[in-house]
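S.K.: The lines below spell out each chain.
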Amino acid sequence: MLRLIGTRLAAVIPTLLFATFTIFGLQHIGPADPATVILGENATEERIAEVREQLGLNDPLVVQYVKWVGKVARGDLGGSIIRTEQVSTIIGRALPNTVQLVLAGVVISVVIGIPLGIFAATRPNSGADIAVTSGSAVGVSVPNFWLALVLVTLFAINWRLLPARGFETIGSGLGTAFKHTILPAFVVSTSGIAIVTRQVRGAMIEALSADSVRTHRAKGLPWRTILWKHALRNSAVTIITVIGLLVNTTLGATVVVEAVFAIPGMGFRVINAATARDFPVIQGVVLTYVLIVLAVNLLIDIAYRIIDPRIS
Amino acid sequence: MADETVVTVDTVDTPDVASAAPAGRPGRSRAEKFDFLWADTRAKVALSWILLVVVVAILAPLIAPHDPIEQDLTNVFQGPSGSHLLGTDDIGRDFFSRLLYGARVSMFGSFLAVFVAMLIGIPVGLAAGYLGGIVENVLMRIVDSVLGFPAIVLAIGIIAALGPSLTNAMVAIGVTFSPSVARLMRGQVLATKNHLYVDAAEQFGSSSLRTIRRHILPNAIQPIIVQGALLLAVAFLAEAALSFIGLGAQPPTASWGGMLSRSAQYLQVSPSVQVYSPGVAITLTVLAINALGDSLRDSLDPVAGTERRVRRAIVRAERARRQRA
Chain A
0 MLRLIGTRLA AVIPTLLFAT FTIFGLQHIG PADPATVILG ENATEERIAE VREQLGLNDP
60 LVVQYVKWVG KVARGDLGGS IIRTEQVSTI IGRALPNTVQ LVLAGVVISV VIGIPLGIFA
120 ATRPNSGADI AVTSGSAVGV SVPNFWLALV LVTLFAINWR LLPARGFETI GSGLGTAFKH
180 TILPAFVVST SGIAIVTRQV RGAMIEALSA DSVRTHRAKG LPWRTILWKH ALRNSAVTII
240 TVIGLLVNTT LGATVVVEAV FAIPGMGFRV INAATARDFP VIQGVVLTYV LIVLAVNLLI
300 DIAYRIIDPR IS
Chain B
0 MADETVVTVD TVDTPDVASA APAGRPGRSR AEKFDFLWAD TRAKVALSWI LLVVVVAILA
60 PLIAPHDPIE QDLTNVFQGP SGSHLLGTDD IGRDFFSRLL YGARVSMFGS FLAVFVAMLI
120 GIPVGLAAGY LGGIVENVLM RIVDSVLGFP AIVLAIGIIA ALGPSLTNAM VAIGVTFSPS
180 VARLMRGQVL ATKNHLYVDA AEQFGSSSLR TIRRHILPNA IQPIIVQGAL LLAVAFLAEA
240 ALSFIGLGAQ PPTASWGGML SRSAQYLQVS PSVQVYSPGV AITLTVLAIN ALGDSLRDSL
300 DPVAGTERRV RRAIVRAERA RRQRA
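Protein sequences appear in the order of chains A and B. When we follow numbering that gives the first Met the number 0, the leftmost residue of the first sequence carries the number 0, and every step to the right adds one. When we follow numbering that gives the first Met the number 0, the leftmost residue of the second sequence carries the number 0, and every step to the right adds one.
What you were told as hints is all true, and nothing was included just to trick you.
As a list, the in silico SDA-like pairs of lysine to any residue whose alpha-carbon atoms are at most 20 angstroms apart:
1) 178(A) to 106(A)
2) 43(B) to 129(A)
3) 228(A) to 239(A)
4) 228(A) to 305(A)
5) 192(B) to 218(B)
6) 178(A) to 146(A)
7) 228(A) to 109(A)
8) 43(B) to 133(A)
9) 43(B) to 136(A)
10) 43(B) to 228(B)
11) 43(B) to 137(A)
12) 228(A) to 212(A)
For the record, the hints were derived by calculation from the structure and aren't laboratory data.
Just chain A, same shape as in the assembly (with noise of 0.2 angstroms):
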């Protein structure tokens, strides 16, 4: 296992030095200098001269690509230019909203979705089939923006039950944190109810095929335990694969949904920092983002060899 580990932490390595060529990229992929692009047009020649001190400009590429990545290494992510904090600091704030949030979401999403798969799965082709069909196509269709000011207006304007925006943790109370967390993480789960429900109803079908399946049906076990136990677990590789999926899905789902409810997060601030062109910041969250989708991947494929030995 410990191998298993490393091997796959050393094929994370080429993944991650590219990652950094593109996030160091970023500000000199534009036309303009960037000091002038962050500064506008209108600023003095000095302040220019500042930030292209503060930002290493006056370097070549590679030196400053260098000296980047070791800073970075050792979780120095550089200053803010518009606002006079670390990014590090930044991101510490922002992190915990937006795990909580995607944790709701993906939670969700397992939640209705498995069992809606399993439900669908059951009975293709029936009137409740096609709706659960039906229902999640219209899932991976609907803008999440849009679901969440159709919502706010529902919960929050016209019945007043949750909070329109902002955002708690779990640390402030776990009642306080539920209401404000429910509807965000409802909307940032609705494509993830989708994909998981239709995964999970294609790997049944096929599972439910099976000719072991069958077998068990005619020595006489009870349904209910070819379903949970026998189909199920044949069809947990693909449930895997589709969560790994889902924190991807629903980490990018977060972005717009957090800017919605003005919460406080990882994408409420990449959008401000992209509006004002703070660099540092938008740097310092992409990276955040890749890491958090690379340390997903490995644990899924950890996942993948405890659930199914058969996978070398």
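Position chain B against the provided structure of chain A, taking the given hints into account.
M.R.: Using the frame of chain A, we list chain B on its own:
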């Protein structure tokens, strides 16, 4: 009732589709290739809606009752009325006209993104699959790395560098889509290049470029077209999202995402029809593009297509049995 229609159309038209490629004639004519769209009610409805949106996008200047950026500060937040079908927005612009013009932005933007994705992804995939070796290794490493970024976040980073505009936003989205095209293209090339006809062409002295263009590409492109249709749906959502957060189409240009963003700012006072209409327009269009993509895939993949026909036959039989009972 709607289901009933599906079944009838299917029964009548399926044999035609099956016999659309008579033996002994290589390939189907262009018109026949797209016959399946009219054999499938889902595809027919989806295609009609998409065509409607495209026509509206093209004809917007002719059919819009008002100028989409003309302000009327004495008439803000009006509800629907005879002269303003969907009312007016926060600075008195006609919401219905803006909705019509918004179709242009969304359609142009999403096609641009898919075009960029193909422009990068197809050559990269072709090169990786055809050349193999170190080229393949390096290219695929890069492809995998880009796939590790959540697409929207990478796109936001690129937009920050290029400056916010519709074109930049959709180029950025296209770039983030290109790895998935490249990966699929490579797989297709690998599956195609070992066929005897490719060997034969090379034996007869066909150059690499000619082999790729004449023999590999035509036989590998179909799944890419399906992928393109499905990416179009994602691009459509991405355009709306980026315009919503202010990084896509810039004001005063009317875009569906941008209109929702303004309605969101004035959620308490905006007529509710202005909160719903752009969202419904986006949802229906994305739903239609996805449905069309699925139909395209089914028709190109004979196994999936057959499976679906078999499933429908089962449903039909079940229904008939229940009616008899």
